[in-house]
Each structure stands twice: as structure tokens, then as C-alpha cells.
Amino acid sequence: METPQNDLLTGLPSSRLIPTCFENLASEQEQFGLLLLDVDGLSYFNHHYGFQEADEKLKQLANVICRVIPEDAKVFRSGGDEFVVFLRRQQMAEVISIAREVWNKIRQEFSSVPSVERFYLLPDKSFLKIQASFTVSCGIAFYPAHGTNLGALYQAAEKAMWRDGKHLHGSVLALAEFENNY
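All the letters of the sequence shown, read from the start, carry residue numbers 35 to 216 under my numbering.
Rather than coming from a laboratory, the hints here were simulated on the basis of the structure.
From a predicted model like this one, the values you see are computed outputs, not experimental measurements.
Heads up, a few of these hints could be off.
[Unchecked claim] 25 Å max Cα-Cα, derived DSS-like pairs, lysine-lysine:
| hint | residue 1 | residue 2 |
| --- | --- | --- |
| 1 | Lys-93 | Lys-108 |
| 2 | Lys-108 | Lys-91 |
| 3 | Lys-108 | Lys-193 |
| 4 | Lys-108 | Lys-159 |
| 5 | Lys-93 | Lys-139 |
| 6 | Lys-159 | Lys-91 |
| 7 | Lys-139 | Lys-193 |
| 8 | Lys-91 | Lys-139 |
[Claimed, not checked] So the derived label-pair ranges between C-beta atoms look like this:
| hint | residue 1 | residue 2 | range |
| --- | --- | --- | --- |
| 9 | Glu-87 | Gln-63 | 42 to 50 Å |
| 10 | Gln-86 | Ala-179 | 35 to 43 Å |
| 11 | Phe-153 | Gly-84 | 17 to 25 Å |
| 12 | Ala-166 | Glu-105 | 28 to 36 Å |
Note that the Cβ used here is the ideal one computed from N, Cα and C, for glycine as well.
Let's have the full structure, built from the sequences with the hints guiding it.
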């Protein structure tokens, strides 16, 4: 059975192509960066505005990412609310700068999206209600420093988005920064 080469919603390359892309980059024996972009609170957005509107936002998000990243970068929609970007032959500072540029552009372009109420269950069983904006978190990891296989590299980028068991919503953090500062 033939599988689609592109994600049906965003038109980005299919997540099934991520392992092949990783292997091709790793075979070049040069450092590259992996950005893991996660849409914060997409499920809240879905419930509040509906899946059709959320799908439109994911398409817009894919377009913003593609406009900002370098031409030779590879971007994939890896899951419902996650995107993976491979940045080849880039130094750590350059990758972090690109990630911040992507994050800032997303913030600018989605600043007019009305915030959504989010509720958090506190340890005392009460709820904390906050207004949440449409934001993206970005974790960064580098091959081979943070992993020599796709699973390890992905896990390292994911780890960069978390601190003390809490997701760092609306942030950009490289694993190296995470390990050095926390």
C-alpha cells in the first residue's frame, strides 16, 4: 500500500519521512539541529473554537515556519500539534537564533488570536483559571551531542521543553541551555 508523501492537512512532508531524513543527515557526519515545536494548549483551542478553526491555525503555523527557516532545512508535521525541523550544518548559536526567530514570528502572526480560558488542577484540588494565548514551545537538540539516533535526539529536544516536570509553555530552550542553567 502506498503511503502519502505529504501531510494531508499542512502539505508538509509526511512524518513517515522523518526517519529517512534523519538517517540521510546523520550519514553526512556533521552536526545538525533538531527543533521540536509544540503548539501549547491546542486541545483547549479545539474545544473552544472547533476543529476546523484549529486546523486552519495549524496550516498557518506550517506556513510561518516554512517562511522563516533556511531553504535547506526540512520541516515535518510529526503529530497533531507538533512539528519537527532539521537544520543542517548549523552551529548551536545559529540554530537557537533560528528557533527564536521562528518563535517570535509565530507570536507576531498569532497575536490577534483571542486567548482561551485554561484550568489547572492545583494540589489542594482547587482550580486555577488563566487566559492562555496561542503560543508555541520549542525544544532544541543537536546531533551528535544530544543523541546519535532519532529517538534519543527527539527525546532530548522534548526534555528541553520541560523543567521540574512542567512544560515550559511559550518558550524556546536548547538542551544545552537547559542542562547548564537548571
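Now for the hints, and whether the structure bears them out:
{"no.": "1", "hint": "Lys-93 to Lys-108", "in the structure": "16 Å, holds"}
{"no.": "2", "hint": "Lys-108 to Lys-91", "in the structure": "20 Å, holds"}
{"no.": "3", "hint": "Lys-108 to Lys-193", "in the structure": "21 Å, holds"}
{"no.": "4", "hint": "Lys-108 to Lys-159", "in the structure": "44 Å, violated"}
{"no.": "5", "hint": "Lys-93 to Lys-139", "in the structure": "15 Å, holds"}
{"no.": "6", "hint": "Lys-159 to Lys-91", "in the structure": "33 Å, violated"}
{"no.": "7", "hint": "Lys-139 to Lys-193", "in the structure": "23 Å, holds"}
{"no.": "8", "hint": "Lys-91 to Lys-139", "in the structure": "14 Å, holds"}
{"no.": "9", "hint": "Glu-87 to Gln-63: 42 to 50 Å", "in the structure": "44 Å, holds"}
{"no.": "10", "hint": "Gln-86 to Ala-179: 35 to 43 Å", "in the structure": "41 Å, holds"}
{"no.": "11", "hint": "Phe-153 to Gly-84: 17 to 25 Å", "in the structure": "19 Å, holds"}
{"no.": "12", "hint": "Ala-166 to Glu-105: 28 to 36 Å", "in the structure": "33 Å, holds"}
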